[in-house]
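Please build the complex by placing chains B, C and D on the supplied structure of chain A, with the hints as guidance.
Protein chains: 4
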Amino acid sequence: MALKTRAEYMASLKRLRPNIYKFGERIEDVTTHPATRRVVESHARAYDACQDAKLSSLFTTTSFLTGERIHRHNSLMPSMEDVISNSRFKRQMFQLTGTCTGALCAGWNAMNTMWAVTQEVDGAQGTDYHERLKGWVLRAEGEGWTVAGALTDAKGNRSLKASQQPDPDSNLRIVRMGEEGVVIRGAKLMICGVAASNEIFLLPGTAYGEAEKEFAVACAVPRDVEGLTIIETRRPSDTREQDGGFDIPTETGITQAYLIFEDVFVPKERVFLCREFAYTAKIIQIFTAIYRACIGACVAGQGDIMIGAAILMARANGLPARTFSSKLVEMAINNETTFTMGVGSIALGNRHPSGIWIPDSLTAHANKVHVATLPYETKRLCQEIGGGIVETGCFPSYQDLMDTRYGKLVQKYIKAGACSSETRARAARLTEWLTLGAGVPGCMHGGGSPDGARLVVRSLTPMEKYAELARKLAGIAEEIPDPGK
Amino acid sequence: MALKTRAEYMASLKRLRPNIYKFGERIEDVTTHPATRRVVESHARAYDACQDAKLSSLFTTTSFLTGERIHRHNSLMPSMEDVISNSRFKRQMFQLTGTCTGALCAGWNAMNTMWAVTQEVDGAQGTDYHERLKGWVLRAEGEGWTVAGALTDAKGNRSLKASQQPDPDSNLRIVRMGEEGVVIRGAKLMICGVAASNEIFLLPGTAYGEAEKEFAVACAVPRDVEGLTIIETRRPSDTREQDGGFDIPTETGITQAYLIFEDVFVPKERVFLCREFAYTAKIIQIFTAIYRACIGACVAGQGDIMIGAAILMARANGLPARTFSSKLVEMAINNETTFTMGVGSIALGNRHPSGIWIPDSLTAHANKVHVATLPYETKRLCQEIGGGIVETGCFPSYQDLMDTRYGKLVQKYIKAGACSSETRARAARLTEWLTLGAGVPGCMHGGGSPDGARLVVRSLTPMEKYAELARKLAGIAEEIPDPGK
Amino acid sequence: MALKTRAEYMASLKRLRPNIYKFGERIEDVTTHPATRRVVESHARAYDACQDAKLSSLFTTTSFLTGERIHRHNSLMPSMEDVISNSRFKRQMFQLTGTCTGALCAGWNAMNTMWAVTQEVDGAQGTDYHERLKGWVLRAEGEGWTVAGALTDAKGNRSLKASQQPDPDSNLRIVRMGEEGVVIRGAKLMICGVAASNEIFLLPGTAYGEAEKEFAVACAVPRDVEGLTIIETRRPSDTREQDGGFDIPTETGITQAYLIFEDVFVPKERVFLCREFAYTAKIIQIFTAIYRACIGACVAGQGDIMIGAAILMARANGLPARTFSSKLVEMAINNETTFTMGVGSIALGNRHPSGIWIPDSLTAHANKVHVATLPYETKRLCQEIGGGIVETGCFPSYQDLMDTRYGKLVQKYIKAGACSSETRARAARLTEWLTLGAGVPGCMHGGGSPDGARLVVRSLTPMEKYAELARKLAGIAEEIPDPGK
Amino acid sequence: MALKTRAEYMASLKRLRPNIYKFGERIEDVTTHPATRRVVESHARAYDACQDAKLSSLFTTTSFLTGERIHRHNSLMPSMEDVISNSRFKRQMFQLTGTCTGALCAGWNAMNTMWAVTQEVDGAQGTDYHERLKGWVLRAEGEGWTVAGALTDAKGNRSLKASQQPDPDSNLRIVRMGEEGVVIRGAKLMICGVAASNEIFLLPGTAYGEAEKEFAVACAVPRDVEGLTIIETRRPSDTREQDGGFDIPTETGITQAYLIFEDVFVPKERVFLCREFAYTAKIIQIFTAIYRACIGACVAGQGDIMIGAAILMARANGLPARTFSSKLVEMAINNETTFTMGVGSIALGNRHPSGIWIPDSLTAHANKVHVATLPYETKRLCQEIGGGIVETGCFPSYQDLMDTRYGKLVQKYIKAGACSSETRARAARLTEWLTLGAGVPGCMHGGGSPDGARLVVRSLTPMEKYAELARKLAGIAEEIPDPGK
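Chains as they are written, first to last, in my numbering: chain A, 1 to 485; chain B, 1001 to 1485; chain C, 2001 to 2485; chain D, 3001 to 3485.
Where hints are given, some of them may not hold.
To be verified - Straight-line C-alpha distance at most 25 Å; calculated DSS-like pairs for lysine-lysine:
1. C:K2465 x B:K1327
2. B:K1213 x B:K1268
3. B:K1327 x D:K3327
4. B:K1213 x B:K1161
5. D:K3134 x D:K3327
6. C:K2161 x D:K3412
7. A:K472 x D:K3327
8. C:K2161 x C:K2213
9. C:K2465 x B:K1054
10. B:K1465 x C:K2327
11. A:K412 x D:K3472
12. B:K1412 x A:K213
13. A:K327 x D:K3472
14. D:K3054 x A:K472
15. B:K1134 x B:K1327
16. A:K161 x B:K1408
17. D:K3465 x A:K54
18. B:K1412 x C:K2472
19. C:K2472 x B:K1465
20. A:K268 x A:K282
21. C:K2213 x C:K2268
22. B:K1282 x B:K1161
23. C:K2327 x B:K1472
24. A:K465 x D:K3054
It should be emphasised that the hints constitute simulated quantities derived from the structure, not laboratory data.
Just chain A, with the same shape it has in the complex:
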């Protein structure tokens, strides 16, 4: 099949059953409703990019399965270069949209993760998950699907395991198994880009033990599957999305949703893990290695736009950009750090026997700590360069700029440099949107918390080996036992 176009993508979304809600209202058409059209626009730009001579080599690739030209975001990634391209793709998408395009991310990673894990499960258990997944991947490739990925469960009490929760639905679980498939119940929370997706790929949210077999489920469902209710979350200043004017100056945006599964039936050809709890740790390990190696590219891409926004603000304020050289360089170093360290962890990875490339876990998780800290610093610098007008979005609304009585006066006083007051206002609102508004991606806890990443760093750092090296270097003959052991 030929590559999907923006129009085909839009049409594919319009065909879906309306099961998304926000502010108590059901959204009939995600491509036009103010609460969702921006996230759809964001994702549509990935389809546009396939037609763009400069970008098509990044946005398309050759299928590992069929050798045909496909959307890169539907591809299995057999080589280091492919995973680096995943990173580049993410940075490019942030540059094109200013924000996250979540339905071109976690679903893609989930599919790759399960490609490896199903091969392991099948080899050990004699199941046929790998073949089922292959069938689904071929459809995804063929139809150019946009696929959200969902891991995070409601979780309930953070100090209890899934099997100990007062409410068993706190983690998504299998409530019935049959010949034809499984029935699942529970919720996946804070899932990015669902409103722009055709499909949702579900993975277990954590590693489960034997008592938690029922939670060990991986599968894919259409976004509009029966029994699934989707509620979009409130984001900072999201009601501006419903206004006219330029208080959000972009056409793009991101959403995060609560997915509520009320006994949803999933036919067996869409089920890729079912109660094999012992493999859930592996799923988390592979998924996070890929995800956290690449997420540095996202925050780099948004940081690139923040550099741009800061330069626009400086100029709109009447100052040359070089006034802020050292701050701009600091921002650039932050961006290149999360991006390049991610690329490094990919380069330090290995090919899984199933054929896909898996980045190095230790360094991918170390990078996650930077992803959870450096962008905050980049945002701060962007606000510092931009001046008071951008710090808390501190100027009158679009309505007030256009007011017939005093709008002209507001505009007069907003004007600073050589550009128009509208231009300065748009640049300031862009900065607000990037740093305090609806465009802020969830880089801190997205894909797991930095403390979780620190635990992985701790467990993968060969501390005892280093102690041994130090002991030898210091010429210490005796053993030094750890008092705590």
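Below, chains B, C and D alone, put in the same frame as chain A:
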């Protein structure tokens, strides 16, 4: 006169002419309109505190002029302890409101600043500004006014001086002078707490030279003076203030306004500087010394609430607060740093011949750099502890929690620890409001940018003296001239 | 008595019994031996300063006991201003010497601490410690003693209490008590400035419980008391102190010593606490409050010299200092932070009933965390500005610069800017000495570790109060219990 | 030829003419003299590693030229994997030695750099440099040479170009050219590992213009070439290298030397660039790209040892390592950051037409900024964990520990945990050596200053492109010109 009560304060605001606008609408009653009632509530708590046995000694004091009991926020501050009390007052107000109460801050500082400067001007120029100011201060004390302070001009092109701007109104200026008073035109931007104020104290926004005489004006005007139009700015997620429910869970808030002066007449007894440009640098110097010594208390107070919010979130998530001890301690150290360094700069200050206490400039400005950085780190830590739900305010709106179809399900999945889902939601929204929402104060550029503060640090640090000390210590006999000189 | 002069001070040291060793050698005259003459020179400058018109008001004061003019470093400190002067004194001493003058610090604080504690003990126990101490203070004042202070015990295994140590001598202890006095055994380690002191004031190194009564001892001993052996520690590049030339270009220095007490008799008039274990916590609390409030002044003073050294290096390299303005400002902010925050914690303190001023503990300890981190950053910046030559002291030795065969060539190639190669070399060695050499003070663990300080911050921060404030602000009605309790 | 053994390596050094000096003394045998035997031992370990089953695949490789097994440190690096192996080699060498092995680094990079550049020069100028270099590389491979690399010139006044210096020798230059070769004069300073090298590869220290033709010289010389005098620099605490005992507890070490060229003749087959000034910028660009991509591995390797040393200290103090988990994780993240970001910049590189792989400049230079900052933080953490004893190396010398009178007492009081006092002392001295002593590598300015790296980041970051992306995202129609242009 007795201390003003909340009711009297409210009544005094209701009496004012309606000249405040937001979203194209004129606000008839600031005490009840959704866009302004929260900032009024914030300020009202300072009047309540005067009646509170534990707080009254901080919120009231003895008048330097009359010896009577007055609201502390109307007081001249003759001693180090008084300025430290200004700091404590600010921290306490943030603890009581979670945000800035701007009309109990800059106006108070402006009055103290001019107390010193008018004495100097009068001594040198034979004017009677000090006496005029004394009259105004007695009224402020007597009536328990809430006074916004306004320095920041529209400024126009940041690379040009006021006298070079294409639009002469870019900085507030005197357009006519007469026997009875002056007429002023221009705008003061991003002024905090105006909607909660009775009066506005206007100071020059920068140091002016002879070519800029017309901009050298200091005076006080009633908030509803003829010719003044006030437009409130948009803040992050400010439309939630108009909703019911708890998407903003506090009753409090802050506003920032554009003040547009269209030929406003100010009678001479309210004018405290008029074309004496040579004193504008002194005004800036004294004002920023007081302001920047004390502003560290504001961000400390908000940081205190962030510690509290982080603890609530940990518990609402099912985790003991001690899980996050090291992060909470880091937050506490950030808070104590800006607060205590400010107190230090007060203690290093001096009494001005006019009787008021002026903090040390060098260290007050050095503290400003922390004020512009540490709170960002505190916010990040608060989000890190709180989890994904607080990071981008990532859960459904109040309307969705209450929806008759699926509200119960949303609530079920929001529940985590022992508390109700409403409690967890309120705690999460509080964190969002503090870190990404309408409660974020403008600590970066408020009272001037950190780069401005760095320039002051540079000019007040005795670099050559230190080079000389080092030279002697190193036993270097020859002079080492600076190649750049 | 008149103030002590440098000559009298030197003479007083020469009179002491030689009981100090380094590199296996007994030091016969500390004022001339290469290993100790620098630390003596450092302290002598405090005596010189009393004769200096600009400095005498800082270096002398009026006795709280007699009203006579005394050396400030012998004074009881009854007021906030006095403790701030302690801070200023420390900063000034670092400016005069480039390093620590430890015998003008901990002993002074110890004496003030015990002034308060002995009053409490006597009040409760009917002892006469306060009177004994008064006698000793009068002698100290009268004779202008330099007094080292010693708290840190050998400690042994850090996970065991003093009473549990396999070797009971791991903490200094009372081995015999009699009518005339006590006999003590054990060691105090890493004690600064002992070689320059007349007396040593001993305090318990930690808070002790009932099982550890024997360790609860405070007293003062002459530096050369019978039974005390002092071994000086190795410091980075300390053997250069024994060379000629300018590989250490200063005349000043600091030492840290091991004090080994082998059954030392202390007559009762010199004993200020003896087995009253319940007061040891109070001693630690007061001592650390004073010490940590003021220690920020030390690192500020050394940072001032680092600013100076960095400027010298820039110029010696041929560059104007302004090339590095932003780095110099960063260094200055670091210096002012630890100094001013310390002053703030003094200003937030209280007067003890015994008459001395005690800084605020919470903020003094919070400052200690900065003291343990910011100077590392300041050193790094100093090395960054200075260039490769200062980073690891990377150029040939004095001997090689003077070598008859190739010394001229080395000098030729060291020359950079307008100054001589000797000048550049001296400036570079000064930087090395300050950042990597024998002049580095122990600011990280001196007076206790930053982790200890963090524990104090944790215990003194009213976390529950903040949680309660946040709960009220968020409009949360129910209690949220801590799951860990 | 077979791989070189440690014994052959030692013998090859012994054969060289003695032309190295320190403290005014000529070093007759670098393999045994206290000032140089440690650096030789460090490098010898790379020869040992070739015989080690676990390490040989990293320490040897296949020659790009001959297909034979060679020492990796003599190899041309045609692939990304080869340059990543350079990084791994460096990290491994730091783990084996605790410090820099500079003669296995810059020379190797210089040879690769010139492989590319000579091909370009020859192509454009018809010269035969590439062939000459090939000859030299074949000898280096064949003989398993250790090759120091030297770029840094004396430079003289940093604000003047080479051609403007009062002393023309401030940068290494060609003083005569002839049929047979060239004669060079000047100095290369702070060159690492020279005493352990067989050869020295000389590159221009900066990019030169036409007026500076004479400085555009690249060549290789034997370490003992006639006319070359080498003076070793003083390093922190380097005289301990001459002591017995364990005040430096390692057998390894690093040196940095001044190389003084007094009209040294270089035969033309060893000359690889001669007055082709236009290519000097390219040399710097390629050299720094490789160097700065890999230098992060060095500081990572030393950081690994610091983790080990910190663990040893914790245990030697009686505490379990997990007490310091969060600090150890922070150290590990610092290490993985500089290492992995370097690997990332390699992976983002390209193959040069000459066949060698060149890392990405932008990200390699961004990494250099981390290399100049993060290790300082790692050192600080190592000192924080280790306690006061490691901070300034604060305990008596080896001589004092062994003193017949009081040595036993010193040992008694140094003992803390379950291990002997010698063990604790060795671990503490290791930490001192790593953080304040002779083992500190020059990571700040080594291979160029961080400010130089920041300039490269600035010039390679597409700031205008980002401004354009931001402008489009914000829907801004007009151009916003830069006021400074």
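Structure-based check of all given hints:
1. C:K2465 x B:K1327: 17 Å, holds
2. B:K1213 x B:K1268: 17 Å, holds
3. B:K1327 x D:K3327: Distance of about 13 Å is within 25 Å: holds.
4. B:K1213 x B:K1161: OK: B:K1213 and B:K1161 at ~12 Å, within 25 Å.
5. D:K3134 x D:K3327: 48 Å, violated
6. C:K2161 x D:K3412: 17 Å, holds
7. A:K472 x D:K3327: This hinted pair holds, its Cα atoms lying about 23 Å apart.
8. C:K2161 x C:K2213: Satisfied, since the Cα-Cα distance of roughly 12 Å is no more than 25 Å.
9. C:K2465 x B:K1054: 15 Å, holds
10. B:K1465 x C:K2327: 17 Å, holds
11. A:K412 x D:K3472: 24 Å, holds
12. B:K1412 x A:K213: Roughly 22 Å between the alpha carbons, so the hint for B:K1412 and A:K213 holds.
13. A:K327 x D:K3472: Measuring from Cα to Cα gives roughly 23 Å; hence the hint holds.
14. D:K3054 x A:K472: Holds, at about 17 Å.
15. B:K1134 x B:K1327: This hinted pair is violated, its Cα atoms lying about 48 Å apart.
16. A:K161 x B:K1408: 23 Å, holds
17. D:K3465 x A:K54: Since the Cα atoms of D:K3465 and A:K54 sit roughly 15 Å apart, the hinted pair holds (cutoff 25 Å).
18. B:K1412 x C:K2472: Cα-Cα ~24 Å, so holds.
19. C:K2472 x B:K1465: 52 Å, violated
20. A:K268 x A:K282: OK: A:K268 and A:K282 at ~22 Å, within 25 Å.
21. C:K2213 x C:K2268: 17 Å, holds
22. B:K1282 x B:K1161: 18 Å, holds
23. C:K2327 x B:K1472: 23 Å, holds
24. A:K465 x D:K3054: Answer holds: A:K465 to D:K3054 is near 15 Å, not above 25 Å.
Comparing the model with each earlier hint shows violations of hints 5, 15, 19; every other hint is respected.
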